[in-house]
Amino acid sequence: MAFWLVKTEPHVFAIQDFLRMPDRVSGWDGVRNYQARNNLRAMSLGDEVFLYHSNVKERGIVGLATVVREAYPDETALDPGSASFDPRSDRANPRWYQVDLQLVEIFPRVLELGFLKTVPELASMVLLSKAGQRLSVQPVTGEEFRIIRGLG
DNA sequence: GCCAACGTTGGC
DNA sequence: GCCAACGTTGGC
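In UniProt numbering, the protein residues as written are 1 to 152.
Careful, some of the hints might be misleading.
Pairs of lysine-lysine, DSSO-like flavour, derived with a Cα cap of 27 Å [stated by the list, open to error]:
hint, residue 1, residue 2
1, LYS130, LYS117
2, LYS57, LYS130
3, LYS57, LYS117
Worth flagging that the hints you see were computed from the coordinates, not collected in a lab.
Produce the entire structure from the sequences given, and follow the hints as far as they go.
Rendered as structure tokens:
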């Protein structure tokens, strides 16, 4: 069992959008960064994933999902009609991958970035580090998961 | 809207 | 293989 955090801009995909999906499951596609992709590929069934809303006023961790399908080729990279199309990817040798996530819970309040920064136990979180600031799929330690879960 | 911090691209 | 230019992310 491992723990992760994925970022999303809510005007593109918000955590509430899971509620409109069958079984509250959504493909997590469109990731076009190699380190983020490698993290997607390292996810296992049952891993727990925090969702983070970025680029909005109330930015922060908004809820929890779980991995219900492990990494498989990202169809949007292979579809010329998709905005996320990447001509360098092909079916025989896919460059980009996605997983499927199922919503577990929308937290009753947003755990805002500014607040997370005040929690001493979270000081070394990737999310709060310079290197991780821009990484859209990142690991979370078991201890960090436990603490954040308690706050949500 | 600005811009720091990175990642990627492409000329050489 | 280096590195300048460019593009993107995302906080502020």
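Provide an ascending list of the numbers of those earlier hints which the structure does not satisfy.
none
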